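Q: The primary structure of each chain is shown beneath.
Number of protein chains: 2
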Amino acid sequence: MRILILGGGGFLGRRLAKELIQNGGLVHGELVSLTMVDIAFEDRLRDSRLEYVQADFSDEVTITNILQQQPDVIFHLAAIVSGEAEKNLELGMKINFHASLQILELCRKHAIHPRIVFASSCAVFGCDVSRVITDETAPKPRSSYGTQKAMVELLINDYSRRGFVDGRSIRLPTIAIRPGKPNAATSSFVSSIIREPLQGKKASYPVPPETPCWILSPKHVIKNFIHAANIDEKLLGDDRVINLPGLTVSVVEMINSLEQITGTEVTKLISHEPDAFLQSIVLTWPPYFETLRAKKLGFVSDSSVEEIIRSYIAEEGIVIKT
Amino acid sequence: MRILILGGGGFLGRRLAKELIQNGGLVHGELVSLTMVDIAFEDRLRDSRLEYVQADFSDEVTITNILQQQPDVIFHLAAIVSGEAEKNLELGMKINFHASLQILELCRKHAIHPRIVFASSCAVFGCDVSRVITDETAPKPRSSYGTQKAMVELLINDYSRRGFVDGRSIRLPTIAIRPGKPNAATSSFVSSIIREPLQGKKASYPVPPETPCWILSPKHVIKNFIHAANIDEKLLGDDRVINLPGLTVSVVEMINSLEQITGTEVTKLISHEPDAFLQSIVLTWPPYFETLRAKKLGFVSDSSVEEIIRSYIAEEGIVIKT
Chain A
329 MRILILGGGG
339 FLGRRLAKEL
349 IQNGGLVHGE
359 LVSLTMVDIA
369 FEDRLRDSRL
379 EYVQADFSDE
389 VTITNILQQQ
399 PDVIFHLAAI
409 VSGEAEKNLE
419 LGMKINFHAS
429 LQILELCRKH
439 AIHPRIVFAS
449 SCAVFGCDVS
459 RVITDETAPK
469 PRSSYGTQKA
479 MVELLINDYS
489 RRGFVDGRSI
499 RLPTIAIRPG
509 KPNAATSSFV
519 SSIIREPLQG
529 KKASYPVPPE
539 TPCWILSPKH
549 VIKNFIHAAN
559 IDEKLLGDDR
569 VINLPGLTVS
579 VVEMINSLEQ
589 ITGTEVTKLI
599 SHEPDAFLQS
609 IVLTWPPYFE
619 TLRAKKLGFV
629 SDSSVEEIIR
639 SYIAEEGIVI
649 KT
Chain B
329 MRILILGGGG
339 FLGRRLAKEL
349 IQNGGLVHGE
359 LVSLTMVDIA
369 FEDRLRDSRL
379 EYVQADFSDE
389 VTITNILQQQ
399 PDVIFHLAAI
409 VSGEAEKNLE
419 LGMKINFHAS
429 LQILELCRKH
439 AIHPRIVFAS
449 SCAVFGCDVS
459 RVITDETAPK
469 PRSSYGTQKA
479 MVELLINDYS
489 RRGFVDGRSI
499 RLPTIAIRPG
509 KPNAATSSFV
519 SSIIREPLQG
529 KKASYPVPPE
539 TPCWILSPKH
549 VIKNFIHAAN
559 IDEKLLGDDR
569 VINLPGLTVS
579 VVEMINSLEQ
589 ITGTEVTKLI
599 SHEPDAFLQS
609 IVLTWPPYFE
619 TLRAKKLGFV
629 SDSSVEEIIR
639 SYIAEEGIVI
649 KT
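Just so you know, the protein sequences line up as chains A and B, in that order.
So for the first sequence, this note's numbering puts the first residue at 329; every next one is plus one.
So for the second sequence, this note's numbering puts the first residue at 329; every next one is plus one.
Careful: at least some of the hints might be erroneous.
The list cannot tell twin chains apart, which means a pair is met if one copy fits it or any two copies do.
Said to hold, decoys possible - Below are the DSS-like pairs computed for lysine-lysine, each with C-alpha atoms no more than 25 Å apart in a straight line:
| hint | residue 1 | residue 2 |
| --- | --- | --- |
| 1 | K509 | K415 |
| 2 | K415 | K437 |
| 3 | K437 | K422 |
| 4 | K547 | K623 |
| 5 | K547 | K624 |
| 6 | K346 | K509 |
| 7 | K551 | K562 |
| 8 | K530 | K509 |
| 9 | K529 | K649 |
| 10 | K529 | K509 |
| 11 | K509 | K649 |
By construction, these hints were calculated from the structure, which means they are not laboratory data.
Computed from a prediction, not measured in an experiment: that's the story for all the values here.
Using the sequences and the accompanying hints, generate a full structural model.
A: Structural data, given as structure tokens:
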């Protein structure tokens, strides 16, 4: 089985690759080659089956060459994050929308028919945040990022229905806790308020402390990516979009949970710094979901925010002084 | 006020133009010019304010020139119909999606900021047909036509939210009764079974007779187009998509209603000819809607199928022999 990860240089792509190598592939095939595509790679894993392609996947010649390897499975994680896509509409449309359409079109024209797992986002929703989102709720994005993701979901459904690809769009909750540094995602603070204080650094949140967030840990995101690639096409039917399960936790609950683990020495580094731009997007994301379909299909989530924080501390090898 | 009708050569475009000329414009402005764009015009209305542009609106140079007139209002009715878009994906994507995106992009780049009324369709839905569609139901199209319309709706919402245009996407029910000839719309039979027998011609329907359809007469479609252009932007907020009201009527109810008006001499011309391709699309269109938002905003529909048939007979000047 030939697997391709677009956006392989990001932390999710790297972690997914590690897991695929460890597992030796997916349930329906043994890993023969794993091609990682991104504009940059911070570090590279070592495995004879791995190939790194440092290139822009939105470039037609580049992606045409890559697809000539006839991948069996494509994990499409490449994206311009929410904050950047809001500030730069052209770039967001180019990478988040047109480059995705180009992949689907090339698959159609060259009869490649890969299984595609597309990293969509709960940012496709942007309605009354008190409502519970179900599997039947209309996406009404209040960001260009969410708009672009929702459009690609529609395309993947149509190209799957027509038999050109076998797509699955999974709508990711806000990922917490992302390792590394703060980024241009408008949800970046959700990770920062835990990650930075654990490194003795200051962090702030731009929304009111009682703001509920819909979150999922990297560990479970990776499990869900792999599960999405493993599911039998027949179980999905024509609707290839899945709201992933997650956890609804307020900012203050996250901070309190951190404080219970680390004491106030760490949490005193966290402050509230309201930001109108970030609020204008984050506060339109609904935090309450009923993910019946995902659960029935076997997708998973975390049991508590404490579990998320403890997992992060263990994964990063952080030593807590108490 | 400068008004532009894209797809002005179709029967709806022609009727809309007639109404706009008669009304002398819209509530917020007097008609100064009305530009009709289409690849062909069967006949042309006469009015000093009218201009006919026989051209392909998907051509970049053509549409750039047309938009240089700085229209205040654009009625975007141009489309590849459902059956054709299903058979020719490339053509459907080009006209129904890319050409619409091109208009939005030109409006953004040239800071034109028109009010845009986009003819979307209830074909964006394609789920369990027994469910009642509400204003919050997710579009899950089961046709490329519906997919393309749903994508443009998302774009219009985003470009409106960002202030580049002032858009309104109205989801049209199946229009009954269309004058003229049968076309490549998969719903064409809904009009044919009334129109053709009234001309002494045979007609058939491809779905089971008890199949319920969600319909709206041309008269009320035109009223709703004009109403959509008249509504204050503030009443719409960020959600520019409206499920128009309509009427749920089964095929056999339409035929019975015709028979009550004309007797069996006319309805005996109608036969049932199952067609797998047409069924594969039409039977995914939900016929039950709860259109609370549209009604609150003042959109209108027909009171009965009998009213629709009698209106059609009167408008077309058909004489019924009884």
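Q: Pop the pair K529 and K649 into one bin, within, between, both or neither, using alpha-carbon distances up to 25 Å.
A: Intra 15 Å, inter 88 Å, cutoff 25 Å: intra-copy only.
Q: Within, between, both or neither: how does the pair K529, K509 come out at a Cα-Cα threshold of 25 Å?
A: Classified as within: same-chain Cα gap 11 Å, cross-chain 72 Å, threshold 25 Å.
Q: Since the copies are identical, ignore which copy is meant and state whether K415 and K437 lie within 25 Å (CA to CA) inside a copy, between copies, both or neither.
A: Cα proximity of K415 and K437: across copies only (15 Å, versus 33 Å in one copy).
Q: When no copy is specified for K530 and K509, does a C-alpha distance of 25 Å or less occur within a copy, between copies, both, or neither?
A: within (12 Å within a copy, 71 Å between copies)
Q: At 25 Å max between alpha carbons, let me know whether K547 reaches K624 within a copy, between copies, both or neither.
A: Classified as within: same-chain Cα gap 20 Å, cross-chain 46 Å, threshold 25 Å.
Q: Can you tell me if K551 and K562 fall within 25 Å by alpha carbon in one copy, between copies, both or neither?
A: within (20 Å within a copy, 44 Å between copies)
Q: State whether the alpha carbon distance between K547 and K623 is at most 25 Å within one copy, between copies, both, or neither.
A: This pair counts as within: shortest intra-copy Cα distance 17 Å, inter-copy 47 Å.
Q: For the identical chains here, do K509 and K649 meet the 25 Å Cα criterion within one copy, between copies, both, or neither?
A: within (22 Å within a copy, 81 Å between copies)
Q: Regarding K509 and K415, is the shortest C-alpha distance of 25 Å or less found within a copy, between copies, in both, or in neither?
A: within (20 Å within a copy, 48 Å between copies)
Q: Please work out whether the CA atoms of K346 and K509 approach to 25 Å or closer within one copy, between two copies, in both situations, or in neither?
A: Close inside one copy (20 Å), not across copies (61 Å); limit 25 Å.
Q: Under a CA distance limit of 25 Å, which applies to K437 and K422: within one copy, between copies, both, or neither?
A: both (20 Å within a copy, 16 Å between copies)
Checked against the numbered hints listed earlier, the structure breaks none of them; every hint is satisfied.
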